[in-house]
Amino acid sequence: MNPLELLRGLATTLSMMFERPVTYQYPEIKRPVRERFKGRHELKRYDNGLEKCIGCSLCAAACPADAIFVESAENTDEERYSPGERYASTYEINMLRCIFCGYCEDACPTEAIVLEHNYELSFTNRRDAIYTRDMLLVPAPEHGRPTPMVTAPREFDRSIPEMADPQ
Amino acid sequence: MSVTLTIDGTEVTVPEGTLLVDAAKRRGTDVPVFCYHPKMKPVGMCRVCLVEIGRPARDRATGESLLDESGDPLIQFGPNLETACTITVGQGWQVRVSSEKAIQGRKEIVEYLLTSHPLDCPICDKGGECPLQDLTMGHGSGESRFLFDDKIRLAKRYPLGELIFLDRERCIQCARCTRFQDEIVGDPVIGFYERGRRLEIVTYSDPGFDSYFSGNTTDICPVGALTTADFRFGARPWELNSAASICPHCPVGCNLTLSTRREASNAGRDVVKRVMPRQNEQVNEIWICDKGRFVHHYARSPERLTSPRVRKNGKLVKASWNEALTRAAEGLKGAASSAVGIASGRLMNEDLFNLKELMAALGGRAILVDSMAGGNLIQRYGVGVGSNLGSLGKRDAVLVIAADLHEEAPIWWLRLKQAAERGTTLIVANARATRLDDYAKHRVRYGPGEAVQAALGLLHLNGGDPELARFEGDRALKSAARAIKRARNVTIFFGQEGLNYAGTEALARACALITESKGRVGKSNNGLVAVWPRANTQGAWDMGLRPEPAGLHRALAGAVAAYIVAADPVGDDPAAAAPFEKLSTLIVQDLFLTATAELADVVLPAQAFVERAGTFTSGERRVQRLYPAVGALAGSLPDWKIVANLAHRLEVDLEDKAAPLVFERIAAAVPDYLGLSYDDLAAVEPQWPEVGGADLYFGGTAYANKQGLGVQLAPRGAGRPLKWKAPPRASAGKDLLLTPVTVLYDRGSALRHSRLLEGRIAPLQLILHPDEIERLGLSEAGEVEISWDGRSERLKFAASTDVPPGSALVPRGAGLALSDPTPVTVRRSNS
Ligand code: SF4
Ligand code: SF4
Ligand code: SF4
Ligand code: SF4
Ligand code: FES
Chain A
1 MNPLELLRGL ATTLSMMFER PVTYQYPEIK RPVRERFKGR HELKRYDNGL EKCIGCSLCA
61 AACPADAIFV ESAENTDEER YSPGERYAST YEINMLRCIF CGYCEDACPT EAIVLEHNYE
121 LSFTNRRDAI YTRDMLLVPA PEHGRPTPMV TAPREFDRSI PEMADPQ
Chain B
168 MSVTLTIDGT EVTVPEGTLL VDAAKRRGTD VPVFCYHPKM KPVGMCRVCL VEIGRPARDR
228 ATGESLLDES GDPLIQFGPN LETACTITVG QGWQVRVSSE KAIQGRKEIV EYLLTSHPLD
288 CPICDKGGEC PLQDLTMGHG SGESRFLFDD KIRLAKRYPL GELIFLDRER CIQCARCTRF
348 QDEIVGDPVI GFYERGRRLE IVTYSDPGFD SYFSGNTTDI CPVGALTTAD FRFGARPWEL
408 NSAASICPHC PVGCNLTLST RREASNAGRD VVKRVMPRQN EQVNEIWICD KGRFVHHYAR
468 SPERLTSPRV RKNGKLVKAS WNEALTRAAE GLKGAASSAV GIASGRLMNE DLFNLKELMA
528 ALGGRAILVD SMAGGNLIQR YGVGVGSNLG SLGKRDAVLV IAADLHEEAP IWWLRLKQAA
588 ERGTTLIVAN ARATRLDDYA KHRVRYGPGE AVQAALGLLH LNGGDPELAR FEGDRALKSA
648 ARAIKRARNV TIFFGQEGLN YAGTEALARA CALITESKGR VGKSNNGLVA VWPRANTQGA
708 WDMGLRPEPA GLHRALAGAV AAYIVAADPV GDDPAAAAPF EKLSTLIVQD LFLTATAELA
768 DVVLPAQAFV ERAGTFTSGE RRVQRLYPAV GALAGSLPDW KIVANLAHRL EVDLEDKAAP
828 LVFERIAAAV PDYLGLSYDD LAAVEPQWPE VGGADLYFGG TAYANKQGLG VQLAPRGAGR
888 PLKWKAPPRA SAGKDLLLTP VTVLYDRGSA LRHSRLLEGR IAPLQLILHP DEIERLGLSE
948 AGEVEISWDG RSERLKFAAS TDVPPGSALV PRGAGLALSD PTPVTVRRSN S
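So the sequences go chain by chain: A and B.
No gaps in the numbering here: position 44 of the first sequence is 44 in the numbering used here, and each next residue is one more.
Counting the second sequence from 1 gives a position; the numbering used here is that position plus 167.
Simulated from the structure, these hints should not be mistaken for lab results.
Be careful, since some hints might not be right.
Said to hold, decoys possible - Cross-link-like lysine-lysine pairs, in silico, DSS-like; alpha carbons within 30 angstroms at most:
(1) B:485 <-> B:500
(2) B:206 <-> B:608
(3) B:479 <-> B:500
(4) B:485 <-> A:44
(5) B:963 <-> B:901
(6) B:890 <-> B:690
(7) B:685 <-> B:652
(8) A:44 <-> B:323
(9) A:44 <-> B:963
Bound-form chain B, shown alone:
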């Protein structure tokens, strides 16, 4: 049903239920807003969107429309101005946005909003991109009738946490920030306190403003009341240049804009001053998480490698590129097919492609360190082109299994939460409670490490193999299975929590078969999404790298030389150093002198993502482009170029000139990427809501996407029939199954070298169920000793009722060298 109305004399037809502001906006008329935000429900708090509304008059007795002398419907204008953001359009209305009365009304509201505003635009971080400034220029009056002496004085610098600062005087009480936290994030950690002119924003959490999405409030705040610790007094917005990028921290692939400016501390060269969201309604809308926003300082760390190093007389010493590459080439040449290349999904497609080609030419293997299976299944059963979590509705279902999206892929979590609130059936299957449970219609709990059993149960109940009957499962599983059966579209997110490599392989297969059982493989919003440990793990699979199922030590057995790029296996597990020490040549390419690099014969300095052009392939298999934002650190080179330079010395022809040329080769060689080009990835189309236009208010300070929405790859379809795999046995016996769980703020090299989030890095501790603590006879505070495989470790512990019985949790990457779930014996530590 659509409604036709007249706005400032022009007719416009919009769907029924459209808000008047949005209708006007679609027609190209700006109704100014402060509190309204197209991503949130209207509240009508600021009253700046005043318009005159005329409605067709009706005869009270008959209900007939009244006509004027000329036979047109008689339009009656009410005595008062009305707020366009709270009113939905009506048939035949006549709306006046630019009438004298409406303009006057808005002028008075702006004048009123400014009565206690400090007007310290010169030192305000928002100054220059501030909706209040813009609207005052456009709709305010030049003079105020209020007295300066009546201004209220409030705190100018109030830290809501260590990341977000509040200026209480600047706040215009629009409640966008509190509504964002409440409605969109579901973390109501900030709120209003007091009333009237004394109203203030306060935080209820400890640590303050404890939310993974807090930075977004500074974007949507229509004034400079909320500022980030990162950009506080960092630069004036008009001085910034911007470059498009992609977040390198998780498989969501949020679109970013890096704002840069030259800085004295960097000898007048550009530095990244802030990271902002760039609109991509299919990926991250206009949001990013705090990790993506605040963890970029590592790229400027003084510990970055600035020159190659080679080992001479047992010591790593600085060397020229020529010397280092020659030495590395000799090592690889000597090893030939006994060389292994090892890389992680931290690399871009161009790097991975070159590495894979080099290893293929040598006859060696290219190994992916991210130990999770399923990349090849995603190529066949991945989500179809056009899949968009933002378009999920009542008839769709989403299954999230063995993953904690809030920690592993925050923006997926956010968008699934909102999908669930729109009526999408959300099924969360995990061994423990996760934050997505609150929004799930079906919660499936399985025993520690039994994700595959649960998935096979779902498969069986959806018409799988009769042999699967033993996995039938409980009531919750059955109703979840029914929901999957009923739903039109089913998207499945699978992770690796509680599983080893074989487990993830079995889980990926079971999930692929569930997708197949629906018969809609390749359709949009149907298919698999892997919750990969890294941003470009999918790209690594696509480029042809594969994990070694039996672990790295197996891959290294018999190897003579290893070329390790963007991975630190020794840092992850110091006990894994032995096979690396045995190699005759170890080449490590990274940003930092990692623990693995310290063992190396040749160390090659690579560039950080802010300095790079390249592409990432997201978990939803969208290939997206990164553009260089700042000049490269002197002495470093992009990974693909280092690999190509090395290849030349081995007489292997690889592209060494420019990233787009490497991508051309990818587009000629890699099946799903055939024919793609950087230009395709840079294509854009109009998005709603419009952000970053002349009217800054809609999306706040999020950037419009002018540099590319990326291209989602089409899955190849089912093809060869797939067989389910029996779950690997995981029995802890008397022991506890120690399960590493991914946390957003881990001790990875990115976070360790960034100062802002330091205080929020998850501490290394064993998380035990209170009953377990009691059973083990542990005292309140203290340490435990855990032992497995002849190793032991002393750890602090904490209690949580979310820990499933028979297991214990430990944050992944917090310092315990354990990546697979492992049975451990826990003992009181006798110190």
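Chain A with its partners taken away, still in its complex shape:
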């Protein structure tokens, strides 16, 4: 072996000691993820606080890992969770099963379920891996109200947001 080569290698090592390190000191420092990163799911709300999820179970049907379980019930104007007639009374995702493919997000007709940026999922027990509705739902926005809410009759009688004519 050429000793010169050895020296060149050592020089590289030496020069690197003066470069800025690319590693992050996780968990003290967290590296930002890309906008389209698929992390833990969130159930979104409309600006008025109503839940976007209408309990249609299409996410559960699309899920290749059978990670989602939805049960639905009927909204009333006295106890309204989401626009329209139907809301998810039970919503669970088993994070041990989820493969973070995002199919649920694709299937959702109301853009209720979104894979967000949280990737810190660790459990010490299988039951903890099941995220319930309350854990997944984002808090009501600033100008919105929490659910269930009392609403005026016929104010929110449609589940799927009105669409404009395609231009």
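Given the coordinates of chain A, assemble chain B with the ligands onto it according to the supplied hints.
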């Protein structure tokens, strides 16, 4: 006569008069339909079944067929597409289902149907099994030329009653629901209102959608416009598992599919989400009544027994199975031949067989509580193999006597109504008007409690004993008798309305003799059908249980121990409690802590039908299988197993491992069941119309039958000559004859523990003729006091002109402890 035509290039031969859609379907070509339904007349409302039809051209002058150059008949295609559902086939036609023009035509119809459809499939209960979805995928276009802004907005949640909800936007105005109610049920309580795009379904009745068959409209609605209160937002159809079952509520034995899904409220275990019809063209076709559909919640009632109980220091306390069974066994052992087993036709054959065997081994009796006679006659004179109410035609006759089928066996009512409309001679004999009268050719009215007299009259006029001449009867009876004589096949349905046990016995005999007088015993569509009070009363007779003619108190006289299974004699009549209190051991086996169970020394928790495997024998003597749909409630066991476990402690060998093994023993021991097996009961064959195929539209959401059509037992034939029996005397004197009449929605434990039909349970009231009300000087509202046998009761009353003179009616099982017709004194209640 058959007709040969060509559909998409293939020749097909079908009977003359076949509709083009059906011809295509039989050949395997799906012509899409929305409004057409094979059980109803075509109306041609939706236009989705468009096809091109080419007819052989004829010379106008000579009428000769024209030929083309090659010598084949010249086929002329019309300029327009035609609806395949309204047109009957013609000789030599050429039909194009998949031509460019036809496909385009259908595409436009689907596009048009969707202009105002809300497209809320994600929250629609039908989504996933919806013909509109399927046909849009198969025949629609991906884009619409209509503007979203033009969509019409209508009510999304419109209750037609407390059971059925309408979504007015989803309705595609096919009129299947209104035609079903009108044509098939004859209850036109819903209808169209307004016209054009504003057209809506409305209900005319109060309470809304007042029909025993309303649930079927949700099955045949080709969209999610009609949904049931039971399944509303309950689950998505693709998430459901299904199990075959048999309805346990009446002797028709409708085939059911129980749709199940796991549910958080049940700790992730399966629950029954809905009850659906399963096709059996010989039993229930594709229909079930609302009782069968909506009364299943009792199986999940929190009041169900979850552990055995034994009496300690005068109190019933929870105990282990071992302790309870040991205690029960001791009691039965001590009693030996002074033990009685008491059961009802609510049980399955396997349970009844084991119970009967246990009692036989002890030397005791096994008593059936359903107090109606005739099971042994049905074994000889029952309807022949192949009997099918759906096959009755113009040359057949049906006699319905002393029964109100609309209340007691709704699907028999429905099928007899349709048979009558096909030309079958329907004879209805009853002391009062019933809903079947509207379709009867002959209506025979007899005095209160005189059903047997009427039957004997019919027998006499059909060539019976000259001694019977005194029962000759009136004109109506004579013409009914002539109709029976003329008919080729005669099926007789007999019930127990207005009769006590002896009365039903005499009636059953008279009816058997009428069957015999026709000389066609054992042939299909000939013979007797008992309108039993329970689903498996016939099975109980077949397994060897017998009612005690003199009543339960007689059976209990001298008894030391009683083992009561699926019966609540004390709940039915609190005054009957005394003999039970005297017993040294009372064992009660049930789902709930009934009034009888509260007196018991040992209470054993049994399983509900949704949790069970077993068999029922229907009124038409079809043995049919139930499959378990959900896991059993912890702590409960199937009845046959409890009985077998108890038997082991008494050193009696009974099958305790599996229901099919119990049935093997039945098949080895019970005469008419010899050689039968669960496999035989599970056999299926193709049925028409096909339902549940890849094309969901035909039967709507009814399920195809893949789990068994059951086996109809052959009657043994006349055998030993039978003698008619004189009718028992029923004289009310000055009093009114109070007759309990069966109502579908009674206060039985099934309905009491189910929430949906609560509002429709028949109220406890005395039904009097307005003249009687006047005679008694009763005011509009108020109460009456009735007294009989030293007992008295205060009741509300209502007026009805259907009450026969000299009698009063009361709904059976509504709370009045009276099962036989009884003379009562009615007085104004001085409160
Ligand atoms: S991300 Fe994929 S695997 Fe995870 S819940 Fe959604 S569909 Fe299922
Ligand atoms: S998250 Fe979306 S797809 Fe899933 S149930 Fe809710 S609305 Fe339906
Ligand atoms: S409610 Fe259903 S069955 Fe009735 S007309 Fe509308 S679409 Fe047809
Ligand atoms: S007709 Fe009788 S067997 Fe059929 S669903 Fe109704 S109650 Fe059940
Ligand atoms: S017009 Fe033929 S199915 Fe509706």
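Hint by hint, here is what the structure shows:
1. B:485 <-> B:500: Satisfied, since the Cα-Cα distance of roughly 23 angstroms is no more than 30 angstroms.
2. B:206 <-> B:608: 23 angstroms, holds
3. B:479 <-> B:500: 19 angstroms, holds
4. B:485 <-> A:44: 49 angstroms, violated
5. B:963 <-> B:901: 21 angstroms, holds
6. B:890 <-> B:690: Holds, at roughly 22 angstroms.
7. B:685 <-> B:652: Status holds; Cα separation ~7 angstroms.
8. A:44 <-> B:323: 25 angstroms, holds
9. A:44 <-> B:963: 56 angstroms, violated
The structure shown violates the earlier hints numbered 4, 9.
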